[in-house]
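Position chain B with the ligand against the provided structure of chain A, taking the given hints into account.
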Amino acid sequence: MSVLVYIENWDGKFKKISFELASYASSIAASLNVPAVALSLGKVDNSELSKLSVYGISRILNNPDERFNALDNQAIAKAVAQAAQTTGATCVVLAHNNLGKAIAPRLAVKLKAGLVSAVNGLPVSTEPFVVKKMLFTGKAFGHIEMLSAVKVLTLSSNSFGLAEKQVTASVEFFDPEMVDADFHIQIKQTNKVTGKVLLSDADIVVSGGRGMKAAENWAPLEELAALLGAGTSCSRPVSDEGWRPHSEHVGQTGKIIAPNLYFAFGISGAIQHLGGVSSSKVIVAVNKDPDAPIFEAADYGIVGDVAKVLPQFIEAVKEIKS
Amino acid sequence: MKILVLIGNVPDTTTKIKFNADKTAFDANGVQWIINPWDELALTRAMELKEAPGSTVETIVVANVGRAETEGTLRKALAIGADKAIRVDADPLDAAYVATQLARFAGEFDLVFAGIEASDYNGNAVGGMLAEMLGINSVSAVSGLNIEGSQVIVNREIDGGSQTLGVSLPLLAIVQKGIAKEPRIPAMRGIMMARTKPLEVLQPVDAQPLTAIRTFEMPQPKAACRKIGEDQAKELIYLLRDEAKVL
Ligand SMILES: Cc1cc2nc3c(=O)[nH]c(=O)nc-3n(C[C@H](O)[C@H](O)[C@H](O)COP(=O)(O)OP(=O)(O)OC[C@H]3O[C@@H](n4cnc5c(N)ncnc54)[C@H](O)[C@@H]3O)c2cc1C
Numbered sequence: 001m002s003v004l005v006y007i008e009n010w011d012g013k014f015k016k017i018s019f020e021l022a023s024y025a026s027s028i029a030a031s032l033n034v035p036a037v038a039l040s041l042g043k044v045d046n047s048e049l050s051k052l053s054v055y056g057i058s059r060i061l062n063n064p065d066e067r068f069n070a071l072d073n074q075a076i077a078k079a080v081a082q083a084a085q086t087t088g089a090t091c092v093v094l095a096h097n098n099l100g101k102a103i104a105p106r107l108a109v110k111l112k113a114g115l116v117s118a119v120n121g122l123p124v125s126t127e128p129f130v131v132k133k134m135l136f137t138g139k140a141f142g143h144i145e146m147l148s149a150v151k152v153l154t155l156s157s158n159s160f161g162l163a164e165k166q167v168t169a170s171v172e173f174f175d176p177e178m179v180d181a182d183f184h185i186q187i188k189q190t191n192k193v194t195g196k197v198l199l200s201d202a203d204i205v206v207s208g209g210r211g212m213k214a215a216e217n218w219a220p221l222e223e224l225a226a227l228l229g230a231g232t233s234c235s236r237p238v239s240d241e242g243w244r245p246h247s248e249h250v251g252q253t254g255k256i257i258a259p260n261l262y263f264a265f266g267i268s269g270a271i272q273h274l275g276g277v278s279s280s281k282v283i284v285a286v287n288k289d290p291d292a293p294i295f296e297a298a299d300y301g302i303v304g305d306v307a308k309v310l311p312q313f314i315e316a317v318k319e320i321k322s
Numbered sequence: 001m002k003i004l005v006l007i008g009n010v011p012d013t014t015t016k017i018k019f020n021a022d023k024t025a026f027d028a029n030g031v032q033w034i035i036n037p038w039d040e041l042a043l044t045r046a047m048e049l050k051e052a053p054g055s056t057v058e059t060i061v062v063a064n065v066g067r068a069e070t071e072g073t074l075r076k077a078l079a080i081g082a083d084k085a086i087r088v089d090a091d092p093l094d095a096a097y098v099a100t101q102l103a104r105f106a107g108e109f110d111l112v113f114a115g116i117e118a119s120d121y122n123g124n125a126v127g128g129m130l131a132e133m134l135g136i137n138s139v140s141a142v143s144g145l146n147i148e149g150s151q152v153i154v155n156r157e158i159d160g161g162s163q164t165l166g167v168s169l170p171l172l173a174i175v176q177k178g179i180a181k182e183p184r185i186p187a188m189r190g191i192m193m194a195r196t197k198p199l200e201v202l203q204p205v206d207a208q209p210l211t212a213i214r215t216f217e218m219p220q221p222k223a224a225c226r227k228i229g230e231d232q233a234k235e236l237i238y239l240l241r242d243e244a245k246v247l
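Those sequence lines, one after another, are chains A and B.
So the first sequence is numbered by this note's numbering: it starts at 1 and just counts up by one.
So the second sequence is numbered by this note's numbering: it starts at 1 and just counts up by one.
Honestly, the hints are just simulated from the structure, not real lab data.
Built from N, CA and C at the ideal position, the CB exists for glycine as well.
Any given hint might turn out to be false.
So these bits of chain A aren't anywhere near chain B, every CB distance computed over 12 Å [stated by the list, open to error]:
hint, residue
1, Trp10
2, Ala30
3, Asp45
4, Ser47
5, Ser50
6, Arg59
7, Glu66
8, Ala102
9, Thr126
10, Leu162
11, Glu177
In silico DSSO-like links for lysine-lysine, alpha-carbon gap of 27 Å or less [what the hints assert, rightly or not]:
hint, chain 1, residue 1, chain 2, residue 2
12, B, Lys197, B, Lys2
13, B, Lys227, A, Lys308
14, A, Lys288, A, Lys16
15, B, Lys245, A, Lys288
16, A, Lys43, A, Lys196
17, A, Lys281, B, Lys23
18, B, Lys227, B, Lys245
19, A, Lys213, B, Lys181
20, B, Lys197, A, Lys281
21, B, Lys18, A, Lys281
With the rest of the complex left out, here is chain A:
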């Protein structure tokens, strides 16, 4: 038996989210008294793979087949299902990101497993197996019992954190039975955002709303983000206006994020926006309207003009970083 975790890579490298998943899987494995096994698909160096052992993974399966780099959910689900079967996994963990969300439901059907997506932290109990997740876009939580023998979970990023637990690990070549017909998609073009922190991997997120007034006003916001090593996001009207890309839109109809620190500049704090950010550990709001609902969700706030506050923030961050 095992707990299996699928670990995605980005050009052969892992990210914080990868190690959080490893930590999470080994913690569940410990409570079930079974080993934690990781599966990596696509080319990743052994030195990178063995980093997973720092977070309690004792068996690391990998297959360097380049075809997996196409992020074809059907092919990956097939390979993960085979790894789950050969390791006797009773619980399979994936990231709650674009790839994990695509694989998990297909995998659950293959394994006749129940699926709970976007779980927040460790199971509430393992006997019966109950997990907690956010519902109604942050307006409530639910305790969900999983009734199947095998369970598939996707973990909300930054809901568990990192837990170091060095173990000795074996790195093994894993050879799933795959045929050419398992790879269904043909990639015509890829646009990678380079030099930016992934929103799902960011500890700090700096966000702007309609109060930023125009696309060209984002320069100081981006400067602040760069100084903090933060990701950038925005409210829905901002991406609708085309001031920022759709991938930055957070909220009910955009991405749901839970960084340690979220800055809201010129965002009113509509309920649909808060749904996407209310699990952030600390929220800082800057808004010129003292009655803006964002202040009800915020931990720290400044009633003031973003144009006056941003330069002061930048100056202060430069001071503390030097």
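Below, chain B with the ligand without anything else, positioned relative to chain A:
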């Protein structure tokens, strides 16, 4: 070509969420129901594909697993422009249960649209499960879709960028923001026509849910916001470092 659009029936996004006294059931009293926002965008895109010059789309069917109260939402989808609606008369127990019900007839369609999640239980599951049950291709996080002969050209978001893909039919597209610009609003004529469009009710097949919500919980109330003057903005950064310890 035939298109199926899955329609989730969810509380309006401004709904104040309430539960019964022992927190084991959602309290639907006074709730306004809407089409799940992503499904509404999917239906809008399906309509655009049907109306495009030289389109091969003959019909758009919408489907929901739910009790009679969800018919208002299905009628709205018909008013937006779908040709026919199907309702499987059952409580949507969990994603696996819903997908099993839909799998009975979804195989007749060339293109199936599902939303990336439902705004009530935020499940991200029905679309992918249905594709696997049907044994057809699926692409998730789709923010653009065009049909070119037997190929579908799809834009999707990946973590760290975006991609354009070619994939063959039949296809299940799991869509997100961007798939259509604005959801269509039913016009008066559409609302009139919707009354006479077919709404078929099917009995459910036997299936077991694999998950069950046992209890609900409200989020912890937040402590009051600590306000700092506009001219002391720098101080806030120091508080984040020394007090909140997040820098
Ligand atoms: C079905 C549905 C889904 C939705 N999904 C989402 C979603 O996912 N995400 C989302 O964000 N929204 C979503 N919305 C929209 C949401 O209701 C709000 O309209 C939106 O969040 C408002 O964006 P905003 O705060 O940027 O703009 P506004 O509400 O216009 O607020 C701008 C704020 O900036 C302040 N301001 C103006 N100038 C300055 C200045 N110089 N300095 C400081 N402050 C200033 C103003 O006081 C105001 O509070 C959804 C709506 C619906 C109906």
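Going down the list of hints, with the structure as the test:
{"no.": "1", "hint": "Trp10", "in the structure": "violated, 6 Å"}
{"no.": "2", "hint": "Ala30", "in the structure": "holds, 23 Å"}
{"no.": "3", "hint": "Asp45", "in the structure": "holds, 19 Å"}
{"no.": "4", "hint": "Ser47", "in the structure": "holds, 22 Å"}
{"no.": "5", "hint": "Ser50", "in the structure": "holds, 23 Å"}
{"no.": "6", "hint": "Arg59", "in the structure": "holds, 25 Å"}
{"no.": "7", "hint": "Glu66", "in the structure": "holds, 16 Å"}
{"no.": "8", "hint": "Ala102", "in the structure": "violated, 4 Å"}
{"no.": "9", "hint": "Thr126", "in the structure": "holds, 14 Å"}
{"no.": "10", "hint": "Leu162", "in the structure": "holds, 15 Å"}
{"no.": "11", "hint": "Glu177", "in the structure": "holds, 17 Å"}
{"no.": "12", "hint": "B:Lys197 with B:Lys2", "in the structure": "holds, 17 Å"}
{"no.": "13", "hint": "B:Lys227 with A:Lys308", "in the structure": "holds, 16 Å"}
{"no.": "14", "hint": "A:Lys288 with A:Lys16", "in the structure": "violated, 35 Å"}
{"no.": "15", "hint": "B:Lys245 with A:Lys288", "in the structure": "holds, 26 Å"}
{"no.": "16", "hint": "A:Lys43 with A:Lys196", "in the structure": "holds, 22 Å"}
{"no.": "17", "hint": "A:Lys281 with B:Lys23", "in the structure": "holds, 25 Å"}
{"no.": "18", "hint": "B:Lys227 with B:Lys245", "in the structure": "holds, 17 Å"}
{"no.": "19", "hint": "A:Lys213 with B:Lys181", "in the structure": "holds, 21 Å"}
{"no.": "20", "hint": "B:Lys197 with A:Lys281", "in the structure": "violated, 49 Å"}
{"no.": "21", "hint": "B:Lys18 with A:Lys281", "in the structure": "holds, 24 Å"}
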